[in-house]
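Sequence lines, in order, name chains A and B. If you count by my numbering, then the first sequence holds residues 4 to 193, one letter each, in order. If you count by my numbering, then the second sequence holds residues 523 to 637, one letter each, in order.
Please note that a few of the clues may not be correct.
Covered stretches of chain A (in silico footprint by chain B; criterion: 3 or more residues with CB under 8 Å from a CB of chain B, positions within the stretch not fixed) [as the list claims (entries may be wrong)]:
#1 93-103
#2 131-141
Pair by pair, the computed Cβ-Cβ distance ranges are [to be verified]:
#3 A:G30 - B:S566: 15 to 25 Å
#4 A:P86 - B:V574: 12 to 22 Å
#5 B:K606 - A:P104: 53 to 63 Å
#6 B:F575 - A:H176: 24 to 34 Å
#7 A:R50 - B:A562: 41 to 51 Å
#8 A:L92 - B:R603: 46 to 56 Å
#9 B:K577 - A:D42: 48 to 58 Å
#10 B:A562 - A:Y75: 43 to 53 Å
#11 A:P104 - B:S566: 21 to 31 Å
Because the hints were derived from the structure by calculation, they are not lab data. From the three backbone atoms N, C-alpha and C, an ideal C-beta is built for every residue, glycine too.
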Amino acid sequence: MEFTTRGLWTLVHGMGFGALYLLASSGALVELYRRCRADTQASITSRDNLFLNVYLVTMAVLAWATVLTGTYMIYPWYRAVAPAGTAGLAAFPQMLLRSNPATAAWHSLGMEWKEHVGWLTPIATTMAAAVQIRYGRNLKNHPQLGAAVLGFVLVAFLAAGIAGFFGAMLDKHAPVEGGSMVRLAQGDSR
Amino acid sequence: MKSSDSDLRGTQDGTPNGSGAAAVLAAGIGCFALALLAIAADNSLSLKALLVFYKPTGVLSGVTTVAILVWLASWGVLERRWKKRTVALGRIAGVALALLCLSLLLTFPPIADLF
């Protein structure tokens, strides 16, 4: 069971930070929706409030970690240009995708959208965390603000979903690989 | 945006909503700036060259860095202006959400390529 270091970082970016963010989104959406409903306000304790503060800050950290590793670690490997005369393009995912009309749209549509839309997520999530920390339980007195935060978290979830979907598809058609090997386990060969 | 009687509908205890409104609108502005910069850099070779802050990442490094600076700067300015005020949150949140949804659409390559 081996990974290349580039493959491992792609895994950390997508299956680690990104997938955790997507998983956390459903919880945040449910909790923010619950707080937007007037009939549930009495049941929200200060402990619930602290939990949501920590939850949203963690989501914001995950969102920033996802876009920063994606943009500054994985993307340079993805868009690396092959030297002239290179026979195999496996180590150059962008060039590999563009070399075949059947896969070119994964770059021209998938990566071109993913590389920008993903950045909406940390901005929106950081705002949501800041508003929740600033207003806390008092958010019940600002229903329009609560609804706006819920709307931003919903769109952030959608943006992260788009980026995650294309990330998975890109990695399926042209995985980012290279660097030294990281061995996780040694199996018995038959 | 000045506050009016209708603005107070957004707050039920009289505490100012300005800080929240500033955060929401600035997030919308930041996201929209990102989409606009991505389109502008795609259409201008000189801007594209100017926005390459980190060569391995290319123009994406400048587009995202400038958009974050626009977001943080607008947040700071709006926070200073609105933190003790009650503002027209309904309209502001509507504008911010419209900017966010426009950003989502404008980053979609078939739409971005129309410009």
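Hint by hint, here is what the structure shows:
{"no.": "1", "hint": "93-103", "verdict": "violated (count 0)"}
{"no.": "2", "hint": "131-141", "verdict": "holds (count 5)"}
{"no.": "3", "hint": "A:G30 - B:S566: 15 to 25 Å", "verdict": "violated (42 Å)"}
{"no.": "4", "hint": "A:P86 - B:V574: 12 to 22 Å", "verdict": "holds (21 Å)"}
{"no.": "5", "hint": "B:K606 - A:P104: 53 to 63 Å", "verdict": "holds (59 Å)"}
{"no.": "6", "hint": "B:F575 - A:H176: 24 to 34 Å", "verdict": "holds (29 Å)"}
{"no.": "7", "hint": "A:R50 - B:A562: 41 to 51 Å", "verdict": "holds (47 Å)"}
{"no.": "8", "hint": "A:L92 - B:R603: 46 to 56 Å", "verdict": "holds (53 Å)"}
{"no.": "9", "hint": "B:K577 - A:D42: 48 to 58 Å", "verdict": "holds (55 Å)"}
{"no.": "10", "hint": "B:A562 - A:Y75: 43 to 53 Å", "verdict": "violated (22 Å)"}
{"no.": "11", "hint": "A:P104 - B:S566: 21 to 31 Å", "verdict": "holds (28 Å)"}
In summary, the structure is inconsistent with hints 1, 3 and 10 from the numbered list given earlier, while agreeing with the others.
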